[in-house]
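Peer 1: Now for the letters of each chain:
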Amino acid sequence: MTISVKFFASLREQVGHGDASVDASDDLTVQQVWSDSCSITMPANTLCAVNMEYVDRFHPVNDGDEVAFFPPVTGG
Amino acid sequence: MTISVKFFASLREQVGHGDASVDASDDLTVQQVWSDSCSITMPANTLCAVNMEYVDRFHPVNDGDEVAFFPPVTGG
Amino acid sequence: MTSEIRSRHFNPWEEVQRYQSDHIDAGKYGATASFIGSMRDFNEGDAVKTMTLEHYPGMTENYLDKICTEARQRWDIIDCLIIHRVGEVRPDDPIVVTVVWSAHRAAAFDACRYLMEELKSRAPFWKKESLASGERWVEKNSPG
Amino acid sequence: MTSEIRSRHFNPWEEVQRYQSDHIDAGKYGATASFIGSMRDFNEGDAVKTMTLEHYPGMTENYLDKICTEARQRWDIIDCLIIHRVGEVRPDDPIVVTVVWSAHRAAAFDACRYLMEELKSRAPFWKKESLASGERWVEKNSPG
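Protein chains in written order, with numbering that gives the first Met the number 0: chain A, 0 to 75; chain B, 0 to 75; chain C, 0 to 143; chain D, 0 to 143.
It is possible that part of the hints are untrue.
Just so you have them, the derived chain C footprint on chain A, three or more residues with Cβ under 8 Å [claimed, not checked]:
hint : segment
1    : 7-20
2    : 57-63
3    : 66-75
Just so you know, the hints here were simulated from the structure itself, not pulled from any lab data. Backbone N, C-alpha and C define an ideal beta-carbon position, used for all residues, glycine too.
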């Protein structure tokens, strides 16, 4: 009954780890997954994904989901 | 004291020749060069150049100029 | 319709030729628009020695495929190709190539630019530059 | 900044690579936008066997140079290349390639498209198609 959490790029460095897992619970949101998996405040420009799709921070999170947090993308 | 005249592409075929020369005279225009160098009416979409620059049919033509007539361009 | 992540140096011109001869029917396309993004040795006033491209494996591929699919839905194109580099790159190395084949030029131009703009705003890649003074993350893209 | 008329088949990808390695400083450009126009074997409902490209020698070169100069005046680009074929071409043969190198992508995309649109509307080239039923002049371009 866990959620796997990933942090990328500068956010990984700020948070201090690239992976985490948090316990699944009822009415879990992306924002709560953040709070349960690191000790800093989520920067305003943070992008969030659940199961590799962009979502906002109020998006529900279910058992087994993969939640990812990262800064604005800079590819190309 | 001559003007050299060129016809390109479908216009060359319609006119029946690719090159002509006409005598230079005072107050010569592109339109007059056309009339002096071929026997058909200038098609409405004809493009005109004097010394390899686009001009309209009222443009003056001077001794030694090269005047060209051609249909809409279709390169690329 | 193919998108690929590469962890090693590639020659974009050769890749495009190879893809074209393998996948695009001769004589059917009249327009091929392409874009190559490559590493500059200078950014925001500083000399850059190397750059490291990180990505989110899985999500990156999903989004590159999604962007290709969207381009095909929006324009009448024959095929498209995206190749994007990850790992450490050096000045002049290609980072990304996007290519679109179509019958006529408007669709190829529009779709090729769409692929790049969408890739830059949605595909999860991040760049870290290595300067003489240390490392820094690239924080935003140049305007499209 | 180069424009060339070619009377023989050329490989646009190889030409661009060669031009780039001879003329473009490594690491200075971040964006390379290119367009290749090639011969389709089908046009306006008919199979096309060959096509002959006529031009106005002298004026063509002037206008290609003029268009390159305009692109450099309008956008912050590093260099540009146009190669255009004349003579008889066959299906799949390249007809034109336009390439722009710049620091950032917006200028490369805009200028590359500008080169093509201006070339198609101002450079004195004409196409004659050879069909099973005979020959016909191409009367207008497809929309940009």
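Peer 1: Do at least three Cβ atoms from the segment 57-63 of chain A come closer than 8 Å to Cβ atoms of chain C?
Peer 2: violated (count 0)
Peer 1: Under a C-beta cut-off of less than 8 Å, do 3 or more residues of the segment 66-75 of chain A approach chain C closely enough to confirm the stated coverage?
Peer 2: Answer holds; 8 residues pass the 8 Å Cβ test.
Peer 1: Count the residues of the segment 7-20 of chain A with a beta-carbon closer than 8 Å to any beta-carbon of chain C: does the count reach three?
Peer 2: holds (count 3)
The structure fails hint 2 only (numbered hints given earlier).
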